[in-house]
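A.B. asks: Construct the entire structure; sequences and hints are all you get.
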Amino acid sequence: MSGVFISLDGVDGGGKSTQVALLSEWYRQRGRTVYSLRDPGGTKLGDSLREILLHRQEIPLSMKSEMLLYMASRAELVASQILPAIEAGEVVVCDRYLLANIVYQGHAGGLPVDAIRSVGAIATEGLQPDLTFVFDLPVDVALSRLQGEADRLESRGAEYMQRVREGFLTESQQLPAACILDATQPIPTIHQTIVDALLSRNLA
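Going left to right, the sequence shown walks through residues 9 to 212 as the numbering used here numbers them.
By construction, these hints were calculated from the structure, which means they are not laboratory data.
It cannot be assumed that every hint is accurate.
Claimed, not checked - Ranges between beta-carbon positions, derived for each pair:
1) Thr26 x Ala185: 20 to 26 Å
2) Ala29 x Pro68: 30 to 36 Å
3) Thr197 x Ser152: 18 to 24 Å
4) Glu95 x Leu53: 17 to 23 Å
Virtual Cβ for every residue (Gly too), placed ideally from N, Cα, C.
C.D. replies: This is the structure we're talking about:
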């Protein structure tokens with residue numbers, strides 16, 4: 009049985025974490041071994057970098073430094089978790105991946121997108137998801153859904169988030185394996201759309 013690599017990405021507040029849990033359970037019910045991961049995170053290095061990147065706002069980060077720290081976390085995640093799982097024929101469901109850097113630090117943050125792709129190719133060893141689901145919703149709806157204290161990215165405001173949304177839509181149209189989801193729909197509807205997309209591509 010071949011391995012499967014699925015990523016879920018998009019604007020904050022889209023409901024990715026809920027759908028990661030539902031999708032992982034769906035695969036388990038079909039008898040698959042599933043690794044539910046988050047990027048950044050998933051390793052000791054990644055969890056430490058996640059804390060700095062999102063929650064240690066007293067530590068200043070340039071956009072370039074921010075991008076490189078995300079890449080360092082991802083490089084460790086790919087090498088120690090994602091690649092071994094896929095090579096063993098298992099399923100990886102990942103909350104965010106390289107696309108997030110291209111959008112957040114590139115389209116929204118002003119770094120050259122092609123340069124981010126080049127660094128990303130090294131960090132990921134060229135590994136791309138079999139399918140990426142992009143959660144799309146209006147920025148005002150997304151911001152209204154956010155709970156708790158805003159993290160480093162969420163605190164950049166509506167204009168930044170609008171550039172993020174536009175970046176995801178632009179990049180998704182260029183990806184050969186991307187599916188844009190209307191994240192304003194009910195949770196069961198979104199889950200069924202995901203399942204249907206996977207079944208139609210023989211990724212079950």
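A.B. asks: Which numbered hints turn out to be false for this structure?
C.D. replies: The structure breaks none of the hints.
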